[in-house]
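K.L.:
Residues per chain, in single letters:
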Amino acid sequence: MNQTKTFSGPHIRTANTTRNIMLHVAISLMPALLGSIYFFGIRSLYITGLSVTVCVLTEYIWQKLAKKPVTAGDFSAVVTGILLAFNMPVTAPLWVIVAADVFSILVVKQMFGGIGCNFANPALMGRLLTMVVWPGTVMQYVAPRTLTASGFDAVSSATVLGAVKNGGEAGYSYLQMLLGETPGALGETSKLLLLVGFAYMCFMGIVNAEAALTYIGTVVLLTFVFGPSGLFTGDILLNLFGGGLILGACYMLTDYAFASRRGRLLYAVTAGVITAAIRIFSFYPEGICFGILTANCLAGALSLLHKKHVYGVKKLKLEEYS
Amino acid sequence: MQKLQKSVFPGGVHPTDGFDKALSMNCAVTPYYPETVTILSEQSFGGKCSFLVKPGEHVKEGQLIGKPEAFMAAPLHASVSGKVLAVKEITEQGRRLMACILQREESPVSEAEASYKKGTADISLISRQEILTGIRNGGLTGMGGAGFPTHKKYETDKKITDLLINGAECEPFLTCDYRLMLEEGYALLNGVRLLLKGSGAKKAYICMEDNKPLAAENLQKILTEMSSSGLMAEEEKLEIRVLPTKYPQGGERQLIQGVLGREVPMGGLPADVGVIVSNVGTAKAAADMILGNTPLTKRIVTATGSVKNPGNYLVPVGTSAKELIQLCGGITTAQNRIIAGGPMTGPCVAHNWNGETELFHVTKNTSGILVLSEPGYEEQPCIRCSGCESVCPAGLVPYKIEFALLDEDYDLCEKLYASECIACGCCSYICPARRELSVRTREARDIVKQRMRERAVKKS
Numbered sequence: 001m002n003q004t005k006t007f008s009g010p011h012i013r014t015a016n017t018t019r020n021i022m023l024h025v026a027i028s029l030m031p032a033l034l035g036s037i038y039f040f041g042i043r044s045l046y047i048t049g050l051s052v053t054v055c056v057l058t059e060y061i062w063q064k065l066a067k068k069p070v071t072a073g074d075f076s077a078v079v080t081g082i083l084l085a086f087n088m089p090v091t092a093p094l095w096v097i098v099a100a101d102v103f104s105i106l107v108v109k110q111m112f113g114g115i116g117c118n119f120a121n122p123a124l125m126g127r128l129l130t131m132v133v134w135p136g137t138v139m140q141y142v143a144p145r146t147l148t149a150s151g152f153d154a155v156s157s158a159t160v161l162g163a164v165k166n167g168g169e170a171g172y173s174y175l176q177m178l179l180g181e182t183p184g185a186l187g188e189t190s191k192l193l194l195l196v197g198f199a200y201m202c203f204m205g206i207v208n209a210e211a212a213l214t215y216i217g218t219v220v221l222l223t224f225v226f227g228p229s230g231l232f233t234g235d236i237l238l239n240l241f242g243g244g245l246i247l248g249a250c251y252m253l254t255d256y257a258f259a260s261r262r263g264r265l266l267y268a269v270t271a272g273v274i275t276a277a278i279r280i281f282s283f284y285p286e287g288i289c290f291g292i293l294t295a296n297c298l299a300g301a302l303s304l305l306h307k308k309h310v311y312g313v314k315k316l317k318l319e320e321y322s
Numbered sequence: 001m002q003k004l005q006k007s008v009f010p011g012g013v014h015p016t017d018g019f020d021k022a023l024s025m026n027c028a029v030t031p032y033y034p035e036t037v038t039i040l041s042e043q044s045f046g047g048k049c050s051f052l053v054k055p056g057e058h059v060k061e062g063q064l065i066g067k068p069e070a071f072m073a074a075p076l077h078a079s080v081s082g083k084v085l086a087v088k089e090i091t092e093q094g095r096r097l098m099a100c101i102l103q104r105e106e107s108p109v110s111e112a113e114a115s116y117k118k119g120t121a122d123i124s125l126i127s128r129q130e131i132l133t134g135i136r137n138g139g140l141t142g143m144g145g146a147g148f149p150t151h152k153k154y155e156t157d158k159k160i161t162d163l164l165i166n167g168a169e170c171e172p173f174l175t176c177d178y179r180l181m182l183e184e185g186y187a188l189l190n191g192v193r194l195l196l197k198g199s200g201a202k203k204a205y206i207c208m209e210d211n212k213p214l215a216a217e218n219l220q221k222i223l224t225e226m227s228s229s230g231l232m233a234e235e236e237k238l239e240i241r242v243l244p245t246k247y248p249q250g251g252e253r254q255l256i257q258g259v260l261g262r263e264v265p266m267g268g269l270p271a272d273v274g275v276i277v278s279n280v281g282t283a284k285a286a287a288d289m290i291l292g293n294t295p296l297t298k299r300i301v302t303a304t305g306s307v308k309n310p311g312n313y314l315v316p317v318g319t320s321a322k323e324l325i326q327l328c329g330g331i332t333t334a335q336n337r338i339i340a341g342g343p344m345t346g347p348c349v350a351h352n353w354n355g356e357t358e359l360f361h362v363t364k365n366t367s368g369i370l371v372l373s374e375p376g377y378e379e380q381p382c383i384r385c386s387g388c389e390s391v392c393p394a395g396l397v398p399y400k401i402e403f404a405l406l407d408e409d410y411d412l413c414e415k416l417y418a419s420e421c422i423a424c425g426c427c428s429y430i431c432p433a434r435r436e437l438s439v440r441t442r443e444a445r446d447i448v449k450q451r452m453r454e455r456a457v458k459k460s
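Going line by line, the protein sequences match chains A and B. Numbers 1 to 322, taken from this note's numbering, label the letters of the first sequence in order. Numbers 1 to 460, taken from this note's numbering, label the letters of the second sequence in order.
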């Protein structure tokens with residue numbers, strides 16, 4: 001990083017800094033965190049706290065060791081930590097979370113050059129690692145505490161989308177799905193609270209809402225058109241609120257490094273098509289993780305397809321005006 | 001007739017949301033007569049003049065004292081009546097320049113206001129050639145930005161269809177053009193009529209941002225009065241255009257795009273698309289020269305920011321910036337930056353200035369003196385938020401150009417059209433990581449342009 005102190009203009013700057021953008025993102029995740037504490041118990045708070053601590057520490061130690069400027073205080077590692085925890089079931093062993101955190105920050109983020117240089121969303125890569133390496137521990141979802149009789153014993157249960165995928169019934173009403181009273185990863189279930197956070201980010205003007213909405217739209221449309229029992233038979237609300245679509249669209253897909261380039265709509269549509277294809281054709285019920293990660297990797301190429309007009313490059317003739 | 005135009009150039013930013021202009025917006029223009037003035041031989045970058053006077057000589061205000069020597073130069077006139085103290089080399093903003101120091105000997109006399117300053121002037125007897133000669137002899141230069149000699153713009157052999165008079169004043173803090181439009185409406189509009197005739201254009205648009213409703217109202221009123229006076233010819237078509245407030249609305253290229261929907265071709269000048277853009281100050285100076293026979297020796301300067309009493313001052317060219325800040329009651333912050341011009345494009349002339357040392361001297365294109373408290377930010381790594389890309393009015397991708405420059409990959413800089421940077425500073429303004437994008441893109445632009453020139457030389 002160049003610490004050149006220049007005194008040339010502009011001498012005034014916008015109030016937004018990397019730090020307060022990331023802080024706002026972290027704040028916007030708080031309602032969903034509270035929701036997860038309510039639905040899955042206080043362990044969700046411990047998991048999130050651990051994840052954040054490990055992420056920030058990993059970043060700090062790496063930057064110290066590599067003799068790089070320390071940017072661990074810019075809250076981006078905090079956001080990664082929260083999002084990673086949100087992708088875990090409340091029963092996930094702590095060492096799995098630590099491993100995923102270290103992988104996300106060290107391998108996916110810092111090894112590729114730190115903030116902004118990651119080739120894919122670090123939190124999703126962490127989730128992918130745990131899905132592949134320890135599927136038994138992290139793909140075991142539990143029903144919310146509020147629905148179990150004892151209130152504290154975790155009861156293993158299939159997610160809504162998983163149950164439907166295997167030919168079963170959803171077993172939960174759409175309202176329950178919206179509020180978050182369904183089995184699932186700890187942060188993904190309470191859609192309403194995630195949307196509250198998303199609205200906050202939109203209000204602060206720090207998120208590319210168009211990319212998120214395009215992605216959601218694409219997934220919902222495609223899963224509706226190519227439904228399980230013929231054309232136009234998909235369940236819109238189930239696909240919208242049943243899984244991690246909202247979390248993925250609002251917080252993962254909109255990672256600045258990918259969703260703010262030009263061609264971002266194409267990027268969102270690509271992610272949507274892949275997600276929908278996985279939901280329709282593969283045995284994975286969700287497809288969000290793969291959809292977004294694939295689109296992350298394609299983002300650079302996709303932005304090249306969208307040529308931007310440079311002022312004055314198109315030659316015009318005077319006769320056209322007079 | 002006043003219409004608010006919706007479609008404008010892409011990109012742009014809204015810096016500081018308007019509180020800045022309020023500092024000096026209601027400060028009427030006050031004349032100030034300094035004891036000594038230091039007139040620089042280069043009024044704008046590259047506009048070198050040689051002095052015709054010797055120390056000890058007595059000069060009258062408006063007397064020709066400098067003869068243009070370079071393409072970018074315009075004649076220089078004495079801005080006060082008095083004695084030449086010295087003609088010597090001084091250090092101005094880090095450059096060694098010749099300067100003529102004049103001591104004022106006569107007190108300013110208040111004259112009766114000329115008729116062109118309070119009514120419609122009859123310009124039917126003034127030929128186009130007379131206007132062009134007047135512009136040349138009056139030493140007129142662009143008074144908003146780079147200080148390009150006005151006669152170079154008007155003596156073009158290209159066909160001019162439209163004249164844009166730039167009163168957008170999109171730079172935050174500055175209000176000198178606003179005060180001019182408010183206080184010197186008659187002289188300004190008479191000047192616009194002269195420039196319209198001089199350019200041979202069909203229509204003149206006086207453009208301003210919608211944060212100056214009083215100025216628009218004032219000019220509209222005067223324009224209506226003028227067109228009903230019977231002294232305005234049929235073919236004199238003037239229109240007031242109110243544009244949305246957005247920086248850089250007053251950038252020459254962006255103004256053309258916003259008002260006329262044309263784009264100046266790459267490497268071209270506005271005349272290539274049949275347009276001339278002149279600042280409101282230049283139009284007023286044209287009226288002063290041709291109707292009032294006074295060359296360009298004074299201008300309005302806004303002194304604002306962290307000073308006790310911000311204000312607008314009508315000062316002779318060569319007035320010291322230090323004196324102007326003292327006139328405003330001095331600075332109010334020790335951790336400061338002193339900026340010559342607006343905060344977006346103006347150079348920083350002093351840092352943590354103590355109020356003692358000499359700063360710079362007013363030239364024909366100095367629009368303001370700004371004192372800002374030191375912002376104190378540090379560069380962070382780019383987070384690829386593409387904010388710079390979305391605000392760039394030229395349609396560039398500043399963060400990619402920055403990376404290419406830091407990698408010394410100048411071929412890539414060229415492919416990314418770094419040569420088209422207009423140096424507006426939007427990219428640096430918006431960057432949450434506080435990258436010095438504007439500085440580096442400008443650097444890339446200069447390198448790419450140099451390479452293009454070298455290639456052209458090789459070919460020929």
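These are calculated hints, taken from the structure and not from any lab test. Every value quoted in this text rests on a predicted model; they were computed, and no experiment measured them. Cβ coordinates follow ideal geometry from the N, Cα and C atoms, glycine included. Be aware that a few hints might be false.
To be verified - Calculated pairs, EDC-like style, for lysine to aspartate or glutamate (alpha carbon to alpha carbon, straight line, at most 20 Å):
id, chain 1, residue 1, chain 2, residue 2
1, A, LYS68, B, GLU235
2, A, LYS308, B, GLU414
3, A, LYS64, B, GLU378
4, B, LYS308, B, ASP272
5, A, LYS64, B, GLU414
6, B, LYS203, B, GLU155
7, A, LYS67, B, GLU378
8, B, LYS118, B, GLU183
9, A, LYS67, B, GLU379
As the list claims (entries may be wrong) - Quick list of simulated restraints, FRET-style, between CB atoms:
id, chain 1, residue 1, chain 2, residue 2, range
10, B, GLY261, A, GLY113, 53 to 59 Å
11, B, GLY94, A, VAL70, 32 to 38 Å
12, A, GLY49, B, TYR377, 29 to 35 Å
13, B, TYR377, A, THR146, 44 to 50 Å
14, B, LYS159, A, ALA301, 53 to 59 Å
15, B, HIS14, A, ARG19, 54 to 60 Å
16, A, VAL98, B, TYR377, 33 to 39 Å
As the list claims (entries may be wrong) - With the C-beta cut set under 8 Å, the calculated list includes, among others, these residues of chain A facing chain B:
id, residue
17, TYR38
18, GLY41
19, ARG261
20, GLY263
21, HIS306
K.L.:
All hints are to be evaluated individually against the structure, with a verdict given for each.
P.N.:
A quick look at each hint next to the structure:
Annotation: proposed proximity of LYS68 of chain A to GLU235 of chain B is violated, straight-line Cα distance about 67 Å (limit 20 Å). Annotation: proposed proximity of LYS308 of chain A to GLU414 of chain B holds, straight-line Cα distance about 15 Å (limit 20 Å). The straight-line distance between the Cα atoms of LYS64 of chain A and GLU378 of chain B is roughly 19 Å, inside the 20 Å bound, and the hint therefore holds. Proposed proximity of LYS308 of chain B and ASP272 of chain B is contradicted: the alpha carbons are some 46 Å apart, above 20 Å.
Between LYS64 of chain A and GLU414 of chain B the alpha-carbon distance is near 37 Å, which puts this suggested pair outside the 20 Å criterion. As the CA atoms of LYS203 of chain B and GLU155 of chain B are separated by approximately 17 Å, the hinted pair is consistent with the 20 Å bound. Between LYS67 of chain A and GLU378 of chain B the alpha-carbon distance is near 18 Å, which keeps this suggested pair within the 20 Å criterion. Between the alpha carbons of LYS118 of chain B and GLU183 of chain B the distance comes to roughly 10 Å, so the proposed pair stays at or under 20 Å and holds.
At most 20 Å may separate the alpha-carbon atoms for a hinted pair to count; LYS67 of chain A and GLU379 of chain B meet this at roughly 17 Å. Between GLY261 of chain B and GLY113 of chain A the CB atoms are about 42 Å apart, so this pair departs from the stated range of 53 to 59 Å. Range check, GLY94 of chain B to VAL70 of chain A: Cβ separation about 35 Å, and the 32 to 38 Å hint holds. Distance hint check for GLY49 of chain A and TYR377 of chain B: the Cβ-Cβ separation is about 31 Å, which falls inside the suggested range of 29 to 35 Å.
Remark: the range hint 44 to 50 Å for TYR377 of chain B to THR146 of chain A is upheld by a beta-carbon distance near 47 Å. Between LYS159 of chain B and ALA301 of chain A the Cβ separation comes to about 45 Å, which falls outside the hinted range of 53 to 59 Å. Evaluation of the 54 to 60 Å hint for HIS14 of chain B and ARG19 of chain A yields a failure: the beta carbon distance comes to about 22 Å. Between VAL98 of chain A and TYR377 of chain B, the C-beta spacing of about 35 Å keeps the proposed range 33 to 39 Å intact.
Hint on TYR38 of chain A is violated. Least Cβ distance to chain B is approximately 33 Å, over the 8 Å limit. Interface restraint check: GLY41 of chain A against chain B, minimum CB-CB distance 35 Å, threshold 8 Å, status violated. Given hint, ARG261 of chain A at the interface with chain B, holds; its Cβ is 5 Å from that chain's nearest Cβ, closer than 8 Å. Proximity of GLY263 of chain A to chain B is violated relative to the hint, the smallest CB-CB distance being about 10 Å (cut-off 8 Å).
Among the interface hints, the one on HIS306 of chain A is violated; its C-beta lies about 11 Å from the nearest C-beta in chain B, farther than the 8 Å criterion.
Comparing the model with each numbered hint stated earlier shows that hints 1, 4, 5, 10, 14, 15, 17, 18, 20 and 21 do not hold.
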